[in-house]
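Which chain is which? The protein sequence lines are A, B, C and D, in order. Okay, so the first sequence: first residue is 75 according to our numbering, each after it adds one. Okay, so the second sequence: first residue is 4 according to our numbering, each after it adds one. Okay, so the third sequence: first residue is 4 according to our numbering, each after it adds one. Okay, so the fourth sequence: first residue is 75 according to our numbering, each after it adds one.
For the record, the hints were derived by calculation from the structure and aren't laboratory data. This structure is a prediction, so every number in the text was calculated from the model and none was measured. The beta-carbon is built from N, C-alpha and C at its ideal position, and this holds for glycine as well. Heads up, a few of these hints could be off.
[To be verified] What follows is a set of in silico ranges between Cβ atoms, one per label pair, in the way DEER data are often shown:
no., chain 1, residue 1, chain 2, residue 2, range
1, A, Lys120, B, Phe199, 28 to 36 Å
2, B, Phe31, D, Gly170, 28 to 36 Å
3, C, Phe77, A, Ala298, 51 to 59 Å
4, D, Asp210, A, Pro189, 42 to 50 Å
5, B, Leu123, D, Ser269, 23 to 31 Å
6, D, His204, C, Pro38, 28 to 36 Å
[As the list claims (entries may be wrong)] What the simulated footprint calls covered on chain B by chain A, stretch by stretch (three residues with Cβ under 8 Å from a Cβ of chain A suffice, anywhere in the stretch; the number is not a length):
no., segment
7, 32-42
8, 214-223
9, 276-286
10, 308-317
11, 325-335
12, 369-376
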Amino acid sequence: MHNLPFQPDQASSIAKSVDNLYFFLTAITLFFTALIFLTIFYFMIKYRRRSPDERPRPIEGSVPLEVLWTAIPTLLVAVMFVWGSTLYFQNSEAPKGSLEIFVTGKQWMWKAEHPEGQREINELHVPLGRPVRLTMTSEDVIHDFFVPAFRVKKDVLPGRYTSLWFEPTQVGTFHLFCAQYCGAFHAGMIGSIVVQEPDAYESWLAGGTPGESIEQAGEKVFQASGCSSCHLSDGTGLGPSLLGVFGHPVHLTTGETVTADDGYIRESILQPKAKIVAGYSPIMPTFQGQLTEEQLNNLVAYIRSLGAAQPKAKEAAKP
Amino acid sequence: MSTATLEPRVHAQRTYLNADYGWKSWLFTLDHKRIALLYLVSITFFFVIGGSFAVLMRIHLTEPQGALVQPETYNKLFTLHGIVMIFFFLIPSIPAVLGNFLVPLMVGARDLAFPRLNLLSWYIFIVGGAFTLYSAIAGGVDVGWTFYPPYSSIYSQTHVTAVAVGVFITGFSSILTGLNFIVTIHKMRAPGLTWFRLPLFLWAMYATSIIMTLGTPVLAITLFLLALEHLFHVGIFSPELGGDPLLFQHLFWFYSHPAVYIMILPAMGVVSEVIACFARKRIFGYKIVAFSSVAIAVLGFLVWGHHMFVTGQSVYAGLIFSLLSFLVAIPSAIKVFNWTSTLYKGSISYEAPMLYALGFIGLFTMGGLTGLFLASLATDVHLNGTYFIVAHFHYIMVGGAVMGYLGGIHFWWPKISGRKYPNAWAALAAAIVFVGFNLTFFPQFILGYLGMPRRYAFYPAEFQVLNVMSSAGATILGVGYLIPLVYLIWSMRYGPVAESNPWGATGLEWKTPSPPPPENFAEIPVVNEEAYAYSAQAQEATGD
Amino acid sequence: MSQHIVPQRTYIFVFLGLIGLTMLTTGVAYIDLGPLNTVAALVIAFSKMLLVVLFFMHLRHSGGLIRVVLLAGFFWLALLIGLTMSDYRTRSWTPAPDSWSSTAPPTHP
Amino acid sequence: MTEAEAHAQPAGLAHQFGDLEQQQSAATLGIWVFLVTEIMFFGGLFASYAIYRWLYFAAFEGGSHVLDIRLGATNTMVLLASSLTMALSVRSAQTGNRKATVIFLIATMILGGIFLGIKGVEYNQKFVEHIVPGLDWSPEGTVLSRLAPGGLEHAQIYFFFYFAMTGLHALHMIIGMGLLLWLVVRAHKGAFTASYFAPVEVVGLYWHFVDIVWIFLFPLLYLIGGRY
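All chains should be modelled from the sequences, with the hints used to inform the complete structure.
The following block contains the structure:
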């Protein structure tokens with residue numbers, strides 16, 4: 075049998091500080107449990123019943139004692155609260171310039187996507203010593219991204235994004251668990267976080283399976299979903315051309331003008347009738363439920379990349 | 004204790020047991036004592052079922068890849084273990100069995116305020132149980148006792164609706180019991196029995212009833228909405244409609260955290276009675292212990308957010324709930340200190356109830372203190388969803404509530420059955436339960452810290468050693484629970500006859516014969532002494 | 004509830020008051036007061052409830068215990084709504100993690 | 075308790091109570107505690123409603139404008155009238171006037187019936203307009219699609235609340251009607267006297283509670299954001 079572990083690896087920047095609080099609480103627990111056990115044993119022996127009709131003197135209680143064992147626990151609890159909360163708030167915001175990785179939880183697998191386009195299933199390669207920020211969402215039920223070695227855990231919710239961050243401080247492979255019950259193979263929805271030296275990580279990134287970049291993947295979705303049939307680049311299609319749209323103002327049928335940011339693009343894909351470009355009719359079907367989160371993000375990235383290109387022709391106002 | 008020989012009962016004393024015979028006298032009884040026995044039988048039945056699920060799970064977990072069942076079946080096992088043990092054993096255990104039997108006796112009344120409602124609450128309990136058993140037999144349910152959507156509402160294909168309706172119905176049984184106790188304690192106390200002369204068991208029952216009546220309805224409406232959403236696949240928790248699954252968690256835990264106080268408060272009441280009786284001393288700081296019961300009941304409703312620290316709940320709400328969760332620990336700490344100081348300068352005897360009560364104090368201290376790990380935000384991030392949580396709540400529920408329940412059953416058994424059980428066997432069973440319990444659940448604290456998640460049908464190999472230790476403990480615990488079943492039933496026929504006050508305890512229930520006549524008291528007693536008047540001069544007055 | 008017999012006239016007046024308040028709340032709904040519409044509707048509804056509770060349900064001459072029970076009911080309801088709302092109101096205080104760079108979450112609850 | 079003692083008790087006094095006054099105050103406390111559990115039962119729904127209304131106010135406002143405010147207001151007044159007749163029936167039971175108690179109880183039942191009838195009409199309208207979440211939800215063609223651009227899903231949540239809250243309220247009305255019928259039969263047989271009228275008062279308090287739920291439901295569901 076391998077050695078009996080009593081402590082998980084301390085493989086992230088916050089692991090030590092969380093463990094310090096954990097040991098403080100353990101010490102308090104053992105101390106008070108021992109105090110109560112020993113006091114009871116002592117009283118049980120010292121004040122055991124000597125004769126059947128022994129009648130002890132009545133003791134009402136003592137206010138000073140009551141105040142004592144209300145104040146001390148309150149003080150201890152206050153220390154625990156302040157320590158626990160400050161530690162939690164320090165770790166809740168990812169430092170600037172963290173490596174952004176997009177994680178999707180799906181019934182019983184983890185899918186990760188690096189900015190450079192690497193896609194991994196149930197594995198996540200990260201460089202040593204650099205903070206990594208995960209932005210996560212789920213495609214079906216609630217999961218939970220839990221890495222015991224890093225002392226981090228966050229639920230992954232459908233229809234919403236949650237994030238967590240960690241900074242690995244130890245090279246190696248660490249367990250990744252799903253910690254929120256999600257169905258039959260909840261126990262199988264595990265994986266590993268592979269922490270590599272920075273140069274090993276770079277070579278993995280380069281040598282790895284460089285799937286096409288996000289924008290190229292987005293273009294595939296753009297073609298496959300039939301967007302290209304209406305959104306012709308020369309603006310003569312049924313839908314407005316998307317060249318040079320991203321980041322620029324767009325005039326709507328309601329007379330308003332909105333800047334075409336990610337939110338606008340995403341909303342126009344999922345709820346097309348919400349905002350109609352001036353001069354066009356609301357005929358675009360909704361793609362809600364047809365595109366996975368990944369495809370949606372790739373599409374948005376592709377349209378963003380079109381923003382830079384020069385619009386081929388001035389949009390002719392189509393009746 | 005006087006070891007009365009096995010002489011037959013002198014004259015056919017009229018008791019609630021022999022006042023009437025036949026199944027009608029049981030199934031249509033309005034006597035709170037008989038309804039208590041109906042509950043005793045039904046919750047023991049459910050305890051055996053829930054317990055067998057637990058044993059199957061522990062056997063399955065002896066091997067990393069799972070030794071017994073398919074993962075889907077394991078998920079059904081832990082779901083039904085949770086649902087049956089919580090809603091059909093722990094919540095009704097002390098209130099419905101000991102509470103129903105003792106509240107009228109302790110307040111000096113002839114019955115609860117609404118006997119028909121009391122019988123109705125048992126029938127509702129049975130109907131709810133039938134729904135749950137149907138779903139277990141028809142194929143089980145695999146959504147955990149927490150029913151979290153969207154898995155439970157959209158993705159699970161198992162019998163979610165049947166179980167949700169079952170638990171929905173059983174909730175009303177607990178509401179009616181709570182209502183009955185509140186009205187009885189308020190309106191039917193014997194003359195002279197002021198609030199501060201009430202036994203602490205009644206204070207605990209009163210606090211528990213507050214939680215039962217104010218919390219359970221929210222669980223009912225939540226499961227009602229969940230059942231609707233599971234049936235029609237449209238509802239307020241489904242993300243497609245912009246619904247928020249976290250709202251379900253808020254509504255669910257609004258009841259389910261106070262529910263853990265429904266389970267522990269009655270056990271605290273039992274321990275107060277048992278400690279006072281076997282140390283022959285008034286509970287140290289009676290008023291403080293009484294008010295801390297009510298304080299736990301009220302504060303218990305403010306802390307539910309600590310179940311959702313990692314689920315995407317706002318960090319500021321987490322801060323509020325963390326602070327409130329720490330505050331709710333204070334009254335429990337005060338109680339433990341007061342029980343321990345009651346033993347000081349007492350005259351302690353080691354009957355079985357006392358062993359259970361002392362075991363309760365030790366294990367409840369462990370359980371309560373490990374709760375602080377989960378109230379503090381930083382450590383909860385690491386420990387949430389792991390076996391640390393499983394160990395924590397089992398220390399409270401099995402180490403606390405079940406120990407208290409067994410202590411109470413043993414303490415009032417002479418009053419309930421008119422017979423005494425063999426003390427040697429009872430002490431042995433208590434020891435086995437204590438050892439088996441610690442061996443089962445202490446390793447799980449370490450497993451939790453190592454990061455082994457809960458509800459896993461198979462797990463990485465390095466956790467096997469601790470899991471095997473836990474499974475070994477579970478078998479010892481199982482044996483420890485079977486022994487009382489045997490000798491208590493044996494004692495009903497062959498046990499020595501018990502006089503009306505075998506332990507020399509105070510309290511009105513000991514002033515009427517064991518087992519009591521159907522109308523409890525020949526005439527309503529008048530109370531003129533403080534609670535737990537064990538001191539010398541008082542004892543001559545009551546005599547024995 | 005004491006044996007206090009409430010004269011019929013009081014019931015009639017309370018009823019007319021309730022009808023009046025119903026018409027008032029319906030009428031107020033036709034005036035654009037912005038967020039005040041909700042406040043007005045709740046205040047009127049609350050006062051109608053007070054009328055029913057005090058007169059029809061005889062709370063005026065019920066004992067203090069009954070009043071405490073009713074207040075406990077409203078206090079617990081306020082607990083449920085208040086603490087749950089505290090989560091939803093403060094959720095947007097921390098920058099909501101958005102996908103990739105700046106896309107807003109699709110259906111942000 | 076000897077047989078003689080049992081006979082000496084006044085009619086309607088249960089054996090566990092000392093006197094009628096104790097029994098009456100126990101019954102009153104009992105019903106009030108029960109009503110508090112009902113406050114928490116509806117409370118879960120009202121809390122969820124409050125949160126989604128705050129999150130998706132526009133969709134809730136759009137959904138609310140689809141409801142017929144005239145029917146809502148009339149229904150409120152019908153239910154208030156039934157509260158009046160209920161209160162009068164409790165009063166006549168208190169004064170021992172058996173005939174008046176029966177008449178007012180029947181009046182309360184009739185008004186309750188009218189309320190449920192109007193509710194049925196409103197439900198039917200929703201089925202006709204295909205805006206019943208879960209059973210028949212296709213609002214594209216209906217007035218709703220114009221009102222709530224982009225918030226159709228959120229409007230479905232609104233109508234889920236509409237049906238859940240008014241449905242639960244109607245269920246409580248039906249239970250109340252059953253209790254009233256049971257009271258009419260017992261009152262007709264002269265079971266209630268000036269000193270024993272607890273059942274009438276208990277059902278009365280329950281009925282007034284159901285009326286109060288509607289007093290809140292009407293503005294919260296029908297009058298969101300005002301109609302202008």
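message: Taking 8 Å as the Cβ threshold, is the statement that the segment 32-42 of chain B is covered by chain A upheld or broken by the three-residue rule?
response: violated (count 0)
task: Could you see if the CB distance from D:Asp210 to A:Pro189 stays within 42 to 50 Å?
output: Holds, at about 46 Å.
Coverage of the segment 308-317 of chain B by chain A, judged on three or more residues with CB within 8 Å: holds (count 3)
query: Do the Cβ positions of A:Lys120 and B:Phe199 conform to the proposed distance bound of 28 to 36 Å?
result: holds, 30 Å
field: Beta-carbon spacing of B:Phe31 to D:Gly170 - inside the hinted bounds 28 to 36 Å or not
entry: holds, 33 Å
query: Are 3 or more residues of the segment 325-335 of chain B near chain A, judged by a Cβ distance of less than 8 Å?
result: holds (count 6)
Given coverage of the segment 214-223 of chain B by chain A, checked by CB-CB distance under 8 Å (3 or more): violated (count 0)
query: Between B:Leu123 and D:Ser269, does the beta-carbon spacing fit 23 to 31 Å?
result: Given range 23 to 31 Å: holds, Cβ gap about 26 Å.
query: Falls inside 51 to 59 Å, the C-beta gap from C:Phe77 to A:Ala298?
result: At 57 Å between Cβs, range holds.
task: Starting from the range 28 to 36 Å, see whether the pair D:His204 and C:Pro38 falls in it by beta-carbon distance.
output: holds, 32 Å
task: Go check the segment 276-286 of chain B versus chain A for me, would you? Three or more residues, Cβ under 8 Å, otherwise it fails.
output: holds (count 4)
query: Under a C-beta cut-off of less than 8 Å, do 3 or more residues of the segment 369-376 of chain B approach chain A closely enough to confirm the stated coverage?
result: holds (count 5)
The structure does not agree with the numbered hints 7 and 8 stated previously, though it agrees with the rest.
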